[in-house]
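Since each chain sits alone in its own frame, please combine them into the complex, following the hints.
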Amino acid sequence: MTFEELEQIAEAVRAENAKFDHEINVCMGTGCLSQHSDKLRDELTKAVSAAGKKAFVRRTGCMGLCAAGPLVLVDPEEILYQHVKASDAEAVAASLGGEPIAALQCDLREHFDQQVHVVLENSGHIDPEKIDDYIARDGYQALVKALTEMSPNDVIQQITESGLRGRGGGGYPTGLKWGTVAKAGGDLKYVICNGDEGDPGAFMDRSVLESDPQRVLEGMSIAAYAVGASKGYVYVRAEYPLAVARFTNCLRDARRRGLLGNNICNTPFNFDVEIRLGAGAFVCGEETALIASIEGKRGQPKPRPPYPAVSGLWGKPTLINNVETFANIAPIIRKGGKWFAGMGSERSKGTKVFALTGKITNTGLVEVPMGIKLRDIIEGIGGGVPDGHTFKAVQTGGPSGGCLPAELLDIGVSYDALVKVGAMMGSGGMIVMDDTSCMVNVARFFIEFCMTESCGKCIPCRAGTAQMHTLLTRICNGSGTMADLDLLVDLCATVKETSLCGLGQTAPNPVLSTLKYFRNEYIDHIVHKRCPAGVCNIDTSAAAQNPLEVLA
Amino acid sequence: MSTGAEVKTLIIDGHEVSARAGQTILEVAREHNIDIPTLCHLDGLSDVGACRLCVVEIKGNNKLFPACVTTVFEGMEVTTVTERLQKHRKTILELLFAERNHICSVCVSNGHCELQTLGQQQGVTHVPLPYRNPELPVDASHERFTLDHNRCILCTRCVRVCAEIEGAHIWDVMGRGIDSMIISDLHQPWGESACTRCGKCVQVCPTGALFDKSKVGADHPKYPEFLPWLNLMREAQ
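Read top to bottom, the protein sequences are chains Y and U.
Numbering-wise (the numbering used here), the first sequence opens with residue 3 and increments by one.
Numbering-wise (the numbering used here), the second sequence opens with residue 2 and increments by one.
Excised from the complex, chain U in its bound form (with noise of 0.2 angstroms):
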């Protein structure tokens, strides 16, 4: 046994690669330039395998994995790109859309919004689903920044960066299925809750859920890259 990392060689995407044991497929790809779609990995968060979008094939499996949890094995042969899965992954973004008010004209996040560019990339050109239009609630409570409920894809980032990265675990998840919510504390306005102020959650929102309040119209660039920084400078302590 050898006393280093050790390494297993897969292929993806027919391109022969090397990777760590333990390393997750979407890990090893991204760093070998395969783009692999996602919406609730971030880099810096621990992984949910929530969206599913980043679902792949492993050949001699009929299943299908979903890239940022499943880990590699030795002459693993992935395929990331096939007619089924962008069927699906065009689907899933459909549902996202007509689940609940995604407007992008009158959004904040327009132009830099994850959710919008992942339906370009797909070809969303529309969604023949019907669209559900729930009624949901702005809070506008806090100082400084604003949850609208409606943009939110409950990808559960600000969950998890709250809890993980920040350590005030205000928000989390309340209701059941398509009424599930994001709440702070227990249900409480956000501007009432323990909030730390630290805008993380606002920084890794992928859409225009959560924003900050002294930004105008479509002008509200978010930095999630932020995140893997700030865990290396945490370990260098």
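Chain Y extracted, bound-state conformation (with noise of 0.2 angstroms):
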């Protein structure tokens, strides 16, 4: 594959949609999906040829606002339809080439307006079965420039200069980590893409599997000529089926196009892929129980050093980067490190996906660029708190974050602002909540969480989160005391410094922030037997009885 051949199939694209005098894009998300999209689609198809128009309906990715779903975009007039169903399917046919349909029509200018897309850019606008899609969208351009015109050095180079940091949560530098596998010893090295996105609320890794799966692999790949792997794994959870089926799809034509496989773009650069499927376990998302899960081994962390990029996947030097790193890739080495790092603030730079969930009006996919206001990101895009309630806090991080409240929303969004006021950035899920949440309830949601999700290893996280679940039900249902706050209070610091790893150490978080900020609700529970926000079952006859004694 040369930049000719790329610019031939891109063009060929191009004349088979000029045929058209219009497209018709059918968000297949998940979320539309569910919203029968497909059937959408299939209505649409034949409403088009019975009303003999000339043009195209296309399946294609998350379009983003999946509260509006499902979605249909009309190119080029670029009218978005919401909430389209199939029996409308006739009416959009007839309206092409005249008015719009006022009904269904979508405005909302404000939501899309403040997003900058670039993991994004190709969501929506392709199919994600059809690596011609890609193609003419400029990609693959990244990975032949790299083979071709580039150093493994150079590319390192690029990324670096980039400030790319890993999207998973932790914000490793990406550059940093890819130098150090590339020194790494030994003739056999692995690149991994993390997709084991387990966070309540969250759903970008999806997204970006399921609407733009080459841009993925094509970051993987650049990744591996760069750090010298000839062998990749993407761990993707059974849970998504799609995302699994059109990754598959995706590898399938990539090694068709020879874009995968053995001397890719007749370089001496051998690279392939394989899916692994994750089970469902939170903490395989931690990169040491992903490596042990991919291994065939119960997903349980170790200790760290060795890091996998010593000592990985089967021993051997590993690099793992998140589905949402890799899909930044191939821009960073396209228009090169300095454009990405015009971008977000001074030491988060780009753009970053979040999922808005919870007591939002907007609920879905946003791409902001670092450095944005928590404030513009709920209350300018995600359209506030619907239904006439008022804003209470927001849950960034998942049950790794923290609960931020309505005074600290004018922060700017970066990885090391989160940490300062007590939450992280998580791999992106956005959790908003209203004057109906009890953040009481809310902790011990997330403790829960956390409790079940602990694989059981190290003492802290097994027994101190199960401990932590208890004391917070007991408040909850108003038989805590003081001295039960205060324990959990001691359970919160032993388990965030003695556990093994991450997902012990960022376990009490929800705790410790609705603690620092909601505390007059946990007073409110324990001594005023009461729910302020009227979601906990505080029996009365309970809390007068004291909570049962065992002697040792």
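A couple of the hints might just be wrong.
[Unchecked claim] Derived pair list, reagent style DSSO-like, types lysine-lysine, alpha-carbon separation capped at 27 angstroms:
#1 Y/K337 <-> Y/K185
#2 Y/K498 <-> U/K64
#3 Y/K304 <-> U/K91
#4 Y/K185 <-> U/K9
#5 U/K60 <-> U/K91
#6 Y/K318 <-> Y/K340
#7 Y/K185 <-> Y/K147
#8 U/K88 <-> Y/K304
#9 U/K9 <-> Y/K518
#10 Y/K422 <-> Y/K337
[Unchecked claim] Distance ranges between label pairs, derived from CB positions:
#11 Y/P270 <-> U/T197: 47 to 57 angstroms
#12 Y/T392 <-> U/D180: 55 to 65 angstroms
#13 Y/G536 <-> U/H16: 22 to 32 angstroms
#14 Y/E241 <-> U/H16: 37 to 47 angstroms
#15 U/D180 <-> Y/P388: 34 to 44 angstroms
[Said to hold, decoys possible] If you want a taste of the chain Y side facing chain U, the calculated C-beta under 8 angstroms gives, among others:
#16 Q159
#17 P388
#18 G390
#19 T392
#20 T454
#21 G458
#22 C460
#23 I461
#24 R464
#25 Q469
#26 V491
#27 D492
Hints are computed from structural coordinates only; laboratory data are not their basis.
We put the beta carbon where it would ideally sit given N, CA and C, even for glycine.
As structure tokens, this is what we get:
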């Protein structure tokens, strides 16, 4: 494959598309599919040919605004229709070339205009199961450029210059990680893509894999070239069947086009990728546990060092990056590290995809430059809290993150700023809560998640989260005491400081952050025996009894 | 470059000590009679860093490091006893005592139990946490030994000794988090498993979870010291 061949493919796709007057893009991400957008597409295809219009109906990946699904985007007019049902197909077909249907039209300029799409640039515009569509939008230019014009060291230089940091949550500088693996000895190295997205309320990685799988694969191939790896694994949760199917298809197409396999682009570079399905354990998102899982072992973390960069999969140097990190690679190589470093804040460069969920009007996927204020994401792009309720907190970073109150909405979103206030970037889940949420109950929910998802290897996480859950349950049902609260705080410190892996070390964050910003709610439950949000079922008779005492 | 093992010098609790490169803090500390409490570590087995009792502080880093898996570096300053560490160690022991049903007075290992000894050393006088009192089974299907899950602390010494030393690997861990359990084979009764009846797991078990049926009451000393000796003899062959 050369630049000329890529251009030929792109030209062929453009020529094919030019035969039509209109392109009707139907979102077929998981969200819209659950509302039968597949049926809608079939109906649209029929309606278009029945109406005799020269229009092409295309299946695409996620368009982002999941709350308004199923979504249909008509190009070149750029008309976006929301909540389109199969019965609307004829009306849509009839309106082509004429006036748009006002009743269906989605007018959310504010939602889209504040976003900057890098990772999601192709989402909603290409058919995720057609490699040619991807190539027509500059796909694989970066891989060909890297293989034919750049040395592995040049690639790492560009990534380092871009300031890209790991999008899985930790924020480790990607260039530094690549450099470490590249310098590690040994002729066999591995590249792993971590698609084990397990945070409640997060679906960024799933959407990227479903909407633009080739971009992730291209990122992996460039990484493999840079670090000298010849084999890659994509670790995806089995709960993401659509992502798995589309990625399987993506691998097959790339092999057919000679973009995966032996002697890629007529260079000595060989690289092949296999998919590994995760059985749905949250801890397998931790890199050492993920490696154990790929090796067929029990998914539990190992102490680091040795880091995977030195001794990873089957003891070989291994590069592990998140789906979104790999999705950022191709544009960086194509446009240069400087371009990427021009976006974002001082120490967090580029853009970040967030999954907005919870009590928010525009539920869905957004991509924003780093450094944007939380308020702009929630009130601007997200459209604020619906139904006249007031905003109470936003939970970022999943079970490892924290709940931030309204006072902190003006902080800029970056790795360091979020850690400073007791939350974290995480993989990018953002759960908005309004005045109907009880923060003690929220903390209990996340601790329950960590308790059931703990692997059970180290004592602080295994027994500590279980004890924290017991104490929080007491507080929620009104039988908690101030002594329980002190015990909870002590446990948080031990679990945070002594746990083996990141899951345990960050498990107390939801409790600590709610205690920091919403302590009065804890006091209300314990002292006044009432739940301000009216969520917890406080049994006053149970509260009157002393908790059961057991003598040792 | 010297051809022999590289020597590192470091400070543990104010004592200047020397070590070979690649040694762990725990090894070096024990060579110099500095005691660091451990539970999952056993000389002769691989380390998993699971019990977190051996955490120590290293100057210049706010994080805590498990001594059993952290290797020494030149100029390292290690502190093994501080108020913060003692508090965490005590909490970890309390978590263990509250996790399952550890009732010393009716245990075969009373008086020679590593968990009990550590509790005494670290000053655990009572457990402020709510006891979980889980209902757990006892597997007495083996002709010589018994597994009492109530006393198990999931240190996985039995799993490691069976897999690494005996080579049978009949033990493993089932389930997740607080529901984790030691199982034999694919969760079959111990007596019906492929157990070779060597008894190594019983000797290395730090509590009374694995015990010999022929021992009565609290008369069950264990001799985990056999393990380094066994490894030494094997290497000599």
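Hints the structure fails to honour | Violated hints: 6, 9, 10, 12, 13, 14, 16, 17, 18, 19, 26; rest satisfied.
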